[in-house]
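Chemist: Sequence:
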Amino acid sequence: PSLLTTIVSPPPPPPPLPSQPALASISSASDAVIARCHSCGNKCQVIVCEHCDHFVCLKCAEEHRTTTKVDTRDLTNKWQECKNKYSTLLQKLNQYNRDRTQIESDLAAIRVAVEQRTRDAIEFVVVQRDSLVNQINKHINEEQTINRSIILIF
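Residue numbering for the sequence shown follows our numbering, beginning at 18 and increasing consecutively.
Hint data in this document are derived by calculation from the structure and do not stem from the laboratory.
A couple of the hints might just be wrong.
[Claimed, not checked] Here are the simulated distance ranges between beta carbons:
id: 1; residue 1: VAL144; residue 2: GLN119; range: 49 to 55 angstroms
id: 2; residue 1: ILE127; residue 2: LEU92; range: 47 to 53 angstroms
id: 3; residue 1: SER104; residue 2: THR84; range: 29 to 35 angstroms
id: 4; residue 1: LEU169; residue 2: ARG136; range: 47 to 53 angstroms
id: 5; residue 1: TRP96; residue 2: THR135; range: 53 to 59 angstroms
id: 6; residue 1: GLU140; residue 2: GLN119; range: 37 to 43 angstroms
id: 7; residue 1: GLN145; residue 2: THR105; range: 42 to 48 angstroms
id: 8; residue 1: PHE171; residue 2: ARG136; range: 49 to 55 angstroms
id: 9; residue 1: ILE120; residue 2: GLN152; range: 43 to 49 angstroms
id: 10; residue 1: ILE170; residue 2: ALA138; range: 46 to 52 angstroms
id: 11; residue 1: LEU106; residue 2: ALA130; range: 33 to 39 angstroms
id: 12; residue 1: THR105; residue 2: ALA130; range: 32 to 38 angstroms
id: 13; residue 1: ASP123; residue 2: GLN152; range: 40 to 46 angstroms
id: 14; residue 1: GLY58; residue 2: THR83; range: 15 to 21 angstroms
All C-beta atoms in this analysis are idealised placements derived from N, C-alpha and C, irrespective of residue type, glycine included.
Produce the complete structure using the sequences and hints provided.
Modeler: Below is the structure:
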């Protein structure tokens, strides 16, 4: 065999381990290559974890699978928590939209009431002004009439 075939061809499959059937998320031993193990850091025959795409040696594979299972469970719990928070946030957002619509409606009613009261107040002031001007004019006319009468008498 040439040196090139030795470098390119994968190493022979390792002897079966008792825990290997439980390695469902780790690729098969025939996919093994020589690389640095993600868990222990040793350069040895490794396989690729189908879950996280890390190189893991056969010694660390079971521990890695268990850790991955724990990570998956933790991620599942966090995903559920995220969905719950999203649901709560959505409920609060819907309540906010209902409140905002109600407030906008209330503000429109207040605006109409303020405008009407302003018109009423202006009308009242105009009526009072006209009444006072009429009283002043009436008083001036009476005064002039009295002054003419006095002048005619004298």
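Chemist: So, against the hints stated earlier in the document, which numbers end up violated here?
Modeler: When the structure is compared with the hints, numbers 1, 6 and 7 turn out to be violated.
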